[in-house]
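Undergrad: Kindly generate the complete structure, drawing on both the sequences and the hints.
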Amino acid sequence: MNKIKLLLNDEGIGEVRAMNIAFSFRLPGEFRDQRWMNPELAGGGLLDTGIYNLHFAEAVLGKNPVALTGFATIDSDEYHIQVDEQASYIAKYDKGELVVMSSGVRTDMRDIAMIYGTQGYIEVPSFWKPTLIHVMKDGNITTYEEKAPQSVEGIHDDGFQYEIAHVNECLRGNLKESPIMTWEQSLSIMRQCDELRRQWGLKYPFED
1 MNKIKLLLND
11 EGIGEVRAMN
21 IAFSFRLPGE
31 FRDQRWMNPE
41 LAGGGLLDTG
51 IYNLHFAEAV
61 LGKNPVALTG
71 FATIDSDEYH
81 IQVDEQASYI
91 AKYDKGELVV
101 MSSGVRTDMR
111 DIAMIYGTQG
121 YIEVPSFWKP
131 TLIHVMKDGN
141 ITTYEEKAPQ
151 SVEGIHDDGF
161 QYEIAHVNEC
171 LRGNLKESPI
181 MTWEQSLSIM
191 RQCDELRRQW
201 GLKYPFED
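If you read the sequence shown in full-length UniProt numbering, its first letter stands for residue 1, the second for the next number, and so on.
Careful: at least some of the hints might be erroneous.
Here are the in silico distance ranges between beta carbons for each label pair [to be verified]:
| id | residue 1 | residue 2 | range |
| --- | --- | --- | --- |
| 1 | R172 | K95 | 35 to 45 Å |
| 2 | R172 | F71 | 36 to 46 Å |
| 3 | F71 | G12 | 21 to 31 Å |
| 4 | P28 | K3 | 28 to 38 Å |
The set of hints was computed from the structure by calculation and includes no laboratory data. Source: prediction; values computed, not measured. A virtual CB, placed ideally from N, CA and C, is assigned to each residue, including glycine.
TA: In structure tokens, the structure reads:
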């Protein structure tokens, strides 16, 4: 994320006006009792992949949306999965910026984030654990490759080790709150998730 913010400043794609973000994968219906699809375990795409979309948008724009609306697919087939199998939603910000997002656990999508500025755009494949960043400006595309410098024993993935390492740093430093992912940021994401679920009529059994 730090590299993306630097590129937004240094590459001069202008004022960010719009974003498209998608993070979704397809699991078989037989997984309906696993956490991804089980309402008893707060399953569904929004709380599994959608939170990455919402956080990415907030990290890039540095603010919360003033309006948020969307639609979700629930109980669409013979498996009768009672969580958001797939969803699309759009956030509007105070200066008119629009962010269109999709998430899901029953639909394969191209996991990518597009950041559109007034003078160019930035494309981030696998934005939740990116290693490549493409910048288009003045008809030219420049690609930046960022390899994950950290590694954690037992974690074979270019993404989660950052979260693990930072939590350990906070614990060792006796910090109650992360300076890079604050309580207010976490609460903001959850409020947005709650608002979307309210619109979809999606309530988990343990919330009764």
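Undergrad: Now tell me, hint by hint, if it's right for this structure.
TA: Checked hints:
Distance hint check for R172 and K95: the Cβ-Cβ separation is about 40 Å, which falls inside the suggested range of 35 to 45 Å. The supplied range of 36 to 46 Å is met by R172 and F71, whose beta-carbon atoms lie about 44 Å from each other. Our hint of 21 to 31 Å for F71 and G12 is violated, since their Cβ atoms are close to 36 Å apart. Hint check: P28 to K3, Cβ distance near 36 Å, so the stated range 28 to 38 Å holds.
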